[in-house]
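Visitor: One gets our numbering by counting positions in the sequence shown from 1 and adding 2 to each.
Hints in this document: simulated from the structure, not taken from any laboratory. Computed from a predicted model, the values in this text were never measured in an experiment. Don't take each hint at face value.
The calculated lysine to any residue pairs, modelled on SDA-like cross-linking and capped at a C-alpha distance of 20 Å, are [unchecked claim]:
no. : residue 1 : residue 2
1   : K104      : K182
2   : K102      : N92
3   : K182      : R217
4   : K240      : S255
5   : K91       : P249
6   : K104      : A163
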Amino acid sequence: MLTTCESGNPPPVTVPVSSALFLPLPSISVFSDPRTSPMEDDRLNSPSTSVVTLEVLGHRLQLSQDPNSKHLGTTVWDASMVFVKFLEKNCRKGRFCPSKLKGKRAIELGAGCGLAGLGMALLGSNVISTDQTEVLPLLMRNVERNTSRMMQANPDSGLAASFGSIEVAELDWGNEDHIKAVDPPFDYIIGTDIVYAEHLLEPLLQTILALSGPRTVILLGYEIRSTMVHERMMDMWKQNFVVKTIPKAKMDSKYRHPSIQLFTMEVKDQSRYRNPGPTANQIPESSRGSDKDGQSCEAEDARDATASENIMDLEPGKIDDWEIRRLGSMAARLLREVKIT
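Just need the whole structure built from these sequences, with the hints factored in.
Guide: Here it is in structure tokens:
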């Protein structure tokens, strides 16, 4: 269930990721107007929303955010929700089950509020969540609070044994010192909604290549906001990687949308690496989203598009939290080019 809470923005707290310190959440006042329905106000991800709550793999994650910040990394974006819910749906078997991810090294690029990295850590991966220095206090706070809260709430559930690890590091794309400091290569490189401008594509590409090895699997989630940027990005990916789009049928039945895509990628030019050896971590042919798989999902993808187009026809009170977020996203895109004179 997706809910949000409103409060004043708490000040950044910087703590070492290795510490086990539990930082209690501030008291939250949800309503300023007593006439407002609690659910109506609470579920909107508005500019005053400071906490977004999402249940992932049986755990209630609470992610602090600052939508009013000038930095885009301080907001919980919808593609990260689609990503973790995809992991949740596909974790019972296949390459995303805990037995396959346990102990694997993963790095999250443009982590922002840290949701995607927490999802991978819950499945047993050892994650480094990275972003620019301005975002690190918020990212670190989310990692510390959620990890501590989950451990305290589930002392006898075996979570301590199944949970991987998660730490925070600064990584500016293209910065060789930052890349060297995180000690590549990684088994997995993940990122959600990290591309919004064309000038970022080349630094991102070089960073991904520098972090990759012959067995690296790259998982990206992305919401299409600019057709030009999207086309340029896809051309760049296809020149350098074997790219597969994850069918909508493999995503969570609720947390998906026609404009949000998930990709798996592998480095195309294996000659970059010496003695690549067996690619045990690579995506098996049966899971690579072949043309046949894509065709089998066309009907369901069409239903997704129809549902999106008809969302405005729903009766009052019938729109759930996720649909509210998607309506807000659609409205933001429509208003982006509006100029008030």
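Visitor: For a C-alpha distance cap of 20 Å, please report whether K102 and N92 respect it.
Guide: Distance of about 12 Å is within 20 Å: holds.
Visitor: Is the hinted pair K104 and K182 satisfied, with a Cα-Cα distance of at most 20 Å?
Guide: 24 Å, violated
Visitor: Would the hint linking K240 and S255 be met if the CA-CA limit is 20 Å?
Guide: 28 Å, violated
Visitor: Within 20 Å, alpha carbon to alpha carbon, are K104 and A163?
Guide: 10 Å, holds
Visitor: So if I understand the rule, the pair passes when the alpha-carbon distance is 20 Å or less; does K182 with R217 pass?
Guide: Holds, at roughly 18 Å.
Visitor: Does the structure keep K91 and P249 at a Cα separation of 20 Å or less?
Guide: Given that 20 Å is the threshold and the Cα spacing comes to 13 Å, the pair holds.
Hints 1, 4 from the list above are not met by this structure, while the remaining hints are.
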